Amino acid sequence: MHRAARRRSAVSEELEVIAPSKLAIENVSRNFQSASGPVLALDRVSLNVAEGEFVCLVGASGCGKTTLLNIIAGLERPDSGRVLADGKPVTGPGRERLVMFQEPALFPWLDVFGNVLFPLKLKPNLTNKDRRDVAKYYLELVGLSRFERANIHELSGGMKQRVSLARALAPNPRVLLMDEPFAALDALTREQLYGDIQEIWKARKKTIVFVTHNVREAACLGDRVLLFSPHPGRIHEEFAVNLPRPRDINSVDLAAYATQIMKALKSFGQAEAAVSR
Amino acid sequence: MKRFLLAAAFFAVLLLIWDVAFRAKIWSPVLLPSPWQVAGYLESAAVDGTLAKATVITMRRLLIGYFIGLIAGLPLGLLTARWKLFGDTIGTMALGLQTLPSVCWVPLALLWFGQTEAAMLFVVVMGTLWSVVIATETGVRNVPPIFRRAALTMGSKRLHMWFKVILPAALPFIVSGMKQGWAFAWRSLMAAEIFVTILTGFGLGQLLHYGRELSAMDQVIAIMLVIVVIGLLADKIFFSPIEKFLHRRWGTSQA
Numbered sequence: 012m013h014r015a016a017r018r019r020s021a022v023s024e025e026l027e028v029i030a031p032s033k034l035a036i037e038n039v040s041r042n043f044q045s046a047s048g049p050v051l052a053l054d055r056v057s058l059n060v061a062e063g064e065f066v067c068l069v070g071a072s073g074c075g076k077t078t079l080l081n082i083i084a085g086l087e088r089p090d091s092g093r094v095l096a097d098g099k100p101v102t103g104p105g106r107e108r109l110v111m112f113q114e115p116a117l118f119p120w121l122d123v124f125g126n127v128l129f130p131l132k133l134k135p136n137l138t139n140k141d142r143r144d145v146a147k148y149y150l151e152l153v154g155l156s157r158f159e160r161a162n163i164h165e166l167s168g169g170m171k172q173r174v175s176l177a178r179a180l181a182p183n184p185r186v187l188l189m190d191e192p193f194a195a196l197d198a199l200t201r202e203q204l205y206g207d208i209q210e211i212w213k214a215r216k217k218t219i220v221f222v223t224h225n226v227r228e229a230a231c232l233g234d235r236v237l238l239f240s241p242h243p244g245r246i247h248e249e250f251a252v253n254l255p256r257p258r259d260i261n262s263v264d265l266a267a268y269a270t271q272i273m274k275a276l277k278s279f280g281q282a283e284a285a286v287s288r
Numbered sequence: 189m190k191r192f193l194l195a196a197a198f199f200a201v202l203l204l205i206w207d208v209a210f211r212a213k214i215w216s217p218v219l220l221p222s223p224w225q226v227a228g229y230l231e232s233a234a235v236d237g238t239l240a241k242a243t244v245i246t247m248r249r250l251l252i253g254y255f256i257g258l259i260a261g262l263p264l265g266l267l268t269a270r271w272k273l274f275g276d277t278i279g280t281m282a283l284g285l286q287t288l289p290s291v292c293w294v295p296l297a298l299l300w301f302g303q304t305e306a307a308m309l310f311v312v313v314m315g316t317l318w319s320v321v322i323a324t325e326t327g328v329r330n331v332p333p334i335f336r337r338a339a340l341t342m343g344s345k346r347l348h349m350w351f352k353v354i355l356p357a358a359l360p361f362i363v364s365g366m367k368q369g370w371a372f373a374w375r376s377l378m379a380a381e382i383f384v385t386i387l388t389g390f391g392l393g394q395l396l397h398y399g400r401e402l403s404a405m406d407q408v409i410a411i412m413l414v415i416v417v418i419g420l421l422a423d424k425i426f427f428s429p430i431e432k433f434l435h436r437r438w439g440t441s442q443a
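Chains C and A supply the protein sequences, listed in that same order. Following our numbering, the numbering of the first sequence begins with 12 at its first residue and continues without gaps. Following our numbering, the numbering of the second sequence begins with 189 at its first residue and continues without gaps.
Chain A on its own, in the form it takes in the complex (with noise of 0.2 Å):
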């Protein structure tokens, strides 16, 4: 609770201190609208649905290739783990395509695509797919020998071994990964968005990009604050409950 009070002062006074450079005309309101405005903003947005709607659409995408991302990366990384073939050849391309900001592949998305949601869903798939595939490459390459052995002995093997052994043994980095995977397929997203206008639905970096064509400002910030809020809540919801449990579990935690 204390935390929580902490935590509510410390964002009071950020406000606060925007409010006070808003009423000071440092700078012109339409580069710094007051806090009330972009609340304004929010609050029409909200009752006329658009950024509901638009949050709908961001994250249908966002999460349709994310998964696509994890379910074709999980058994990737596997592959290039367990097989030397494909550790030299799939392993070495995902290496080598991580190390791409995932914004790069908008360009050649667009070329491919064209204006279309195939186009975006490219961008976030790549974005996720590498981070996985290496995660779970590393993952599974630094599971202790003995755990196997251990295994055999109880007669686990093949199947059994890879989902009751390996797998959950890898666990810590393949999280890591889907985390990893996460953020970047968040922000190619934005990017993706805010440079294709796609008429198949306007998502927030499309609310974003009109934002800035029309110099309202209110609705830039604002959408900006939606996304903080929807990337904090993803970690809180989703990342932050299984991370606490392989802390408990593995005894790695920090408190």
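For reference, chain C alone in the conformation it holds in the complex (with noise of 0.2 Å):
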């Protein structure tokens, strides 16, 4: 009876909506080497997230977003400048912050429900019914409670992304890092998981940082939106979406925001044509 009663705190103290945190991005500097010689990926990058902020990062292929999302999950180094999670430097990957790649990057071995269970398993403190119960709750969370057992062939593109997303959440991490997530994926399946991922944005409170080229997209999620340049991979200018929320990806206002963050995408396009030639 005592022992139940301990369990079920356990999960739901694994359930409990925790403070989101708060990124630093300080001076950041990236170089690669190519085979046309070193390319600055990012040149100096300086950049604040607050707590529960949904930012998103804009740009052509190459302006060194997905660089940056890298570094802030730790699996990057930069050069020069660093990265703080609430304070503290980033030195390697986390459980804190979790990312959710384009591709699924689901494991084949296991089914649905083991996917999720993986990052559980590595949390310690946890009886294996809590991590059961946790991974339950956050399948049901992103609608996939009938396919537990299913094998990741069998999904398909949007139900293998809500599967990330489900085995992304469930260690609970503070700071989510979504790298194209929805690029892979059809119109509608898209504006769906637009809707979820606001739902689930709001109801777990994390810090998102979420890269994508659609300009669309990132009006639609973002708090703020900010738009790399390429070449060496700067910040160029940043929008504040102020918009209510939930947004429909096919509304007006969001279409005004939309068409704003393009013309400077398209400007400094323009300008850089210009230089190369």
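These are computed hints drawn from the structure, not numbers from a lab. Please read all numbers here as calculations on a predicted model, not as lab measurements. Positions of the beta carbon are idealized from the N, C-alpha and C atoms, including for glycine. Treat the hints with caution; some may be incorrect.
Stated by the list, open to error - Reference excerpt, derived from the structure (chain A facing chain C, CB under 10 Å, subset only): (1) A209; (2) A212; (3) N330; (4) A338; (5) L340; (6) M342; (7) A357; (8) G399; (9) R400.
Unchecked claim - In silico DMTMM-like links for lysine to aspartate or glutamate, alpha-carbon gap of 25 Å or less: (10) A/K345 <-> C/E249; (11) A/K352 <-> C/E159; (12) A/K345 <-> C/E107; (13) A/K352 <-> C/E107; (14) A/K352 <-> A/E401; (15) A/K352 <-> C/D97; (16) A/K352 <-> C/E165; (17) A/K352 <-> C/E25; (18) A/K352 <-> C/D144; (19) A/K432 <-> C/E249; (20) A/K432 <-> C/D144; (21) A/K345 <-> C/D122; (22) C/K213 <-> C/E249; (23) A/K345 <-> C/E87; (24) A/K345 <-> C/E165; (25) A/K345 <-> C/E25.
Combine both chains into one complex, guided by the hints.
And the structure:
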């Protein structure tokens, strides 16, 4: 009786909405060696992300936005500068900052449930029953309870990304890093996921950094949209999106924001073309 | 059920053709015994225990050698995939030795170990080991980097990464390597048993050998049948379920 009570509390503690993290990116630079010499992927990029903020990084491919995301995740090291999460320097990957990749990156040797359970098994101080309960909770949150025992290859692209989302949310990270997670999906599925992600963001209170090259998507999801310019990768311009949530990707107000951002994106695209000429 | 009946009918027809060929006396009965003679040998060998004893001896050699090969091959494969130094040395050696037909180990084993169980074991291990090393290495190298990165962000590292991510991800390759290793081990053991008439126990290969010495064609064919059936059973009981599981999970099935 006593034990049962304690176990319930472990799960509810695990499912508690925890304080999201604050991120500080300070003067981060990163070089790559390419066939045609060194490329400055990121040039002294600085950026603050508030607790619970939804920030979108937009830019053409090759502007360093994915590199920045990987650096925040701790998967890559900057050549100079540093990233602070809640004031502590990021030195490697960690459960506090989970990544959702463009490809689902789900493990084909596990079923849906096993995939969501995977990060939880790496979390200490939980019983196996707690872990199963938590995994069930998140599968329900993304609407896939019925597919617990399905194999990964049996899922559609949208379902796979939902499982990825459940897997990323399961260990209750403070930060969610999303690298074009919806780029490979069809428009209809994407629209559903825009709604879902906003709802989940609201319910679970995460700091989200979201990389995309889709301007509309950025305006729909972000509190702030940061426009990156390539060669060298820099933050070119910043837009605050002051629209009520949940936002509909097809709304007219949103289109106005998207047009504004698109215009800026095109302007320096032309400027760059002029320079290279 | 229908599939089973069809298969049964197929083998019945084969037996019938054999029986007809025997009755037609195209070949001398010494060279082609009737199915009933072969069955008779199998029955008597089963009753007096020769068959069971030989099978146990052969299987023991095979299984011990095979598992030594597996246990040594898996970590070697991991090492060669993980560190360049091992890849350049052990990896290259494994690649070379894998091309060597495993029968070729028999003369060397005989000279090194004499007419002993050690010689048998050595041949079986050599048959298994290199296939497993190569398959494990290939499997690990083919693990998509994204799995590693995803696992890293979830807090997996070192041993957990190896056992819960890299090895399972490489499983399809490793299983096909295990299967190839099994086939090589089985072939090389038979060759060894036929060549090496050691005194510590008569395996199936030796029964085959003595069948030839005595021109006992019923024995030769009967033992060949037993060897075929063991190979089939190993596949159906051990490898098929694993492969079925992999196909189902990875979605690579051909029904």
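These are the hints, each one checked on the structure:
1. The restraint placing A/A209 at the interface with chain C is violated, with a minimum CB-CB distance near 49 Å, outside the 10 Å limit.
2. A cut of 10 Å between beta carbons decides the hint on A/A212: the least distance to chain C is about 54 Å, and the hint is violated.
3. Because the closest C-beta pair between A/N330 and chain C is about 13 Å apart, greater than 10 Å, the hint is violated.
4. Interface hint status for A/A338: upheld, as the beta-carbon distance to the closest one in chain C is roughly 4 Å, under 10 Å.
5. A least Cβ separation of about 4 Å between A/L340 and chain C falls short of the 10 Å threshold, and the interface hint therefore holds.
6. A least Cβ separation of about 4 Å between A/M342 and chain C falls short of the 10 Å threshold, and the interface hint therefore holds.
7. The interface hint given for A/A357 holds, since its Cβ lies 7 Å from the closest Cβ of chain C, which is under the 10 Å cut-off.
8. The beta carbon of A/G399 is not positioned within 10 Å of any beta carbon in chain C (closest approach about 46 Å), and the interface hint is therefore violated.
9. At about 47 Å, the closest approach between the beta carbon of A/R400 and any beta carbon in chain C exceeds 10 Å, and the interface hint on this residue is violated.
10. For the suggested pair A/K345 and C/E249, the alpha carbons sit about 37 Å apart, so the restraint of at most 25 Å is broken.
11. Taken as a hint, the A/K352 and C/E159 pair is honoured in the structure, with Cα atoms around 20 Å apart against an allowance of 25 Å.
12. Distance restraint check for A/K345 and C/E107: the Cα-Cα separation of roughly 15 Å lies within the 25 Å cut-off, and the hinted pair is therefore satisfied.
13. Restraint check for A/K352 and C/E107: the C-alpha separation of about 21 Å stays at or below 25 Å, so the hint holds.
14. Restraint check for A/K352 and A/E401: the C-alpha separation of about 53 Å exceeds 25 Å, so the hint is violated.
15. The suggested pairing of A/K352 with C/D97 is violated, with an alpha-carbon distance near 31 Å, which exceeds 25 Å.
16. Restraint check for A/K352 and C/E165: satisfied, since their Cα atoms lie roughly 22 Å apart, inside the 25 Å limit.
17. Between A/K352 and C/E25 the CA atoms are separated by roughly 23 Å; this keeps the pair inside 25 Å, and the hint holds.
18. Taking the CA atoms of A/K352 and C/D144, the gap is near 21 Å; set against the 25 Å cutoff, the hint holds.
19. About 53 Å separates the Cα atoms of A/K432 and C/E249, which puts this hinted pair outside 25 Å; it is violated.
20. Simply put, A/K432 and C/D144 have alpha-carbon atoms about 30 Å apart, too far for the 25 Å limit, and the pair is violated.
21. The straight-line distance between the Cα atoms of A/K345 and C/D122 is roughly 21 Å, inside the 25 Å bound, and the hint therefore holds.
22. Distance restraint check for C/K213 and C/E249: the Cα-Cα separation of roughly 23 Å lies within the 25 Å cut-off, and the hinted pair is therefore satisfied.
23. A threshold of 25 Å between alpha carbons decides the hint, and for A/K345 with C/E87 the separation of about 16 Å falls inside it, so the pair holds.
24. Distance check on the hinted pair: A/K345 and C/E165 sit about 29 Å apart at the alpha-carbon level, beyond 25 Å; violated.
25. Proximity of A/K345 to C/E25 is assessed by CA-CA distance (about 23 Å); at most 25 Å being required, the pair is judged to hold.
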